[in-house]
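Order-wise, the sequence lines are chains Z and G. Residue 81 in the numbering used here is what sits at position 78 of the first sequence, and the numbering runs on without skipping anything. Residue 202 in the numbering used here is what sits at position 166 of the second sequence, and the numbering runs on without skipping anything.
Don't read these hints as lab results, they were simulated from the structure. Quick caveat: nothing in here was measured; it's all calculated off a predicted structure. Please note that the accuracy of each hint is not assured.
[As the list claims (entries may be wrong)] Between beta-carbon pairs, the in silico distance windows are:
hint : chain 1 : residue 1 : chain 2 : residue 2 : range
1    : Z       : Glu91     : G       : Tyr221    : 49 to 57 angstroms
2    : G       : Val99     : Z       : Glu91     : 46 to 54 angstroms
3    : G       : Leu195    : Z       : Phe269    : 45 to 53 angstroms
4    : Z       : His216    : G       : Ala206    : 47 to 55 angstroms
5    : G       : Gly286    : Z       : Glu103    : 26 to 34 angstroms
6    : G       : Val252    : Z       : Glu103    : 27 to 35 angstroms
7    : Z       : Val257    : G       : Gly286    : 51 to 59 angstroms
8    : G       : Leu207    : Z       : Asp146    : 57 to 65 angstroms
9    : Z       : Arg89     : G       : Thr185    : 25 to 33 angstroms
10   : Z       : Gly208    : G       : Gly278    : 32 to 40 angstroms
[Stated by the list, open to error] Beyond 12 angstroms from chain Z on every Cβ pair, some chain G residues (computed):
hint : residue
11   : Leu56
12   : Val65
13   : Pro102
14   : Ser151
15   : Gly286
16   : Ile371
Glycine included, each C-beta is placed from N, C-alpha and C at the ideal position.
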Amino acid sequence: MSWCLGGKNGDSKMSGIIEVEGLSFGYTPQSTVLKDVSFEVMPGTFLAIAGPNGAGKSTLLNLLCGMLSPRLGSIKIDGTAVESYRTEALAKKVAVVRQEFIPVFGFPVIDTVMMARTPYYSPLGFESRLDREIVAEALEATDTARFALRPLACLSAGERQRVFIARALAQNTPILLLDEPTNFLDLKHQVGIYDLLKTTQLKKGKTLVAVTHDINLAAQYCDAALLLGIDNGCQYGSAKDVFSIEQIEKVFGVKVFAGKIGQEKFFIPLGKFAKDGPQIAAKHYS
Amino acid sequence: MSMKGQLTARKLVIKVTVGLAVLLAAMSVCSFIGSEKVSLQAVLDGFGRQAAVNPDYEIFVRVRLPRIFLAAIVGAALASSGVVCQALLRNPLADPYILGVSSGAGLGAVIAVISGLNWTFIGRSPISVFAFVGALGTVWLVWFLGRLTGKFHIIGLLLAGVVVNTFFSALIMFLTLVAKSQQVYATIFWLMGNMVEENFLVLWCGAGCVVGGILVLFYIAPQLNALSFGEEDARSMGVNIGRTQLIAFGVAAFITAIAVSLSGLVGFVGLVVPHGTRLVFGPDHRKLLPLSAIVGATFLVVADTFARIVVAPAQLPVGVVTAIIGGPIFLILLIKYSRKVSWLK
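Okay, chain Z solo, but in the shape it has when bound (with noise of 0.2 angstroms):
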């Protein structure tokens, strides 16, 4: 199956930025996490990458970034295949926000965000006054400019989380990879993350893929969307289209209540012991 947003019927055939073409990939020869996967991301679109655990989004998330190497097909980021970069041509490219590590030596939030410059630092590996203006501005863009010396580990999830896209951004490269971005954060973080992320989409026209569990937020903020199925099946299209309650209801096998206020869509897992029963979604889906 093979989507691809805007520009559709082959006239002014504009490529896209990752453009991934029959992916199939198991961790083992007996085993398929991802089967026959096609998908094009326009630039400075904001993809969700959706699923039940184990259907396969944190490994596709690896192969976006040349961590792992396809089994069949091809990805093309920039025209150019993953795994013909150079490590270093990559970084270049390509961020990726990963799930928190703190590390075992606490480095403090400016020295984080500074690490992004490696692959421009002089021979002697300082960093260049446009290395501090572009560190300066991820700092600020995420508000965490006011602690930028403190460590790490003293800082709050949210907080942190905030850190690593400051990371990210100062990595200055077209495109961003998030695994999870708002993993156990409160609903005020949670928003604000989503806010800043859709922020530099707008601002910087970056292209954003992020991994997420979060159906409602994505909804909200993400253009496309790509829904992993555990069956190796998968659904892309614009988020409005993919995230409908068939479809979640069938990928997640829960029964959902779906509802809609003004434009934004939302939908409630029910399970057995829901005060109203099941039944009630079907009712209240306009």
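Chain Z is fixed; fit chain G onto it per the hints.
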């Protein structure tokens, strides 16, 4: 915005220069401390004279200076290698011996003694040559075994190191008991870490290798910083993981093996000096590597001076002294700075 606390090349040069000045001062002071009193005037008189025996000059130039020089080389090598091992293994308990250098060197030394070889190689006894080869060979073996558990697999590497260390230690015990030779016990004493007088050719070669190694490690310091965040993060920041790990482990093992073949297994320096330096100066490897080397050199020069004088005319193994002075100093630093250090929380 404020760039306070940011490392620049200029700040680093100043810190390193001050550090080197302190090291030189410590070396000069220590060279006049000892069981025999040496007068500076008598030493200076000795230069350029061949005929008359001048005991002050002989003690100073042939005994004290080489030994102080040796302590500085060994201290610098062990401390910077300790920094690298802690960074790559992301483990505060790592030291230069963790990947098998100690047991490999020990096994090499014991084999040399048992086989009764009797030759010298650039002034080195078979014991130190075998210890050097044994140390490097064992690190290679551990690296190879670690690789079998997976590329870039840190836990696999650590476990391979522990297992090989234990296995070789058992072999050392076995050989020692079977051989029943007085010399083997002497070897074990040598392995506890001892500074002995060396000829200057050996010292210059050792110093060249160690300083060269530290410069190479300094060159990959930004990559070591990125690696502190894990292989995946480092890779996405553009660090070639395989190459960095190979260079770092290779050079660290090489300079550790040199230190071990010069002076046996001096303990504690490679573990505590990196921590102490990190507590005071922060975790950035661009300053941690050169400053740890300087602190390690200074520390071992001072410790060895204590080893010479405390029970004079007998001498303590320097490893005993490093633990006795190093332990309390480290604890004081730990308590004083623990509030600003995150890995303690």
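- Query: Looking back at the numbered hints, which does the structure fail to meet, lowest number first?
  - Reply: none
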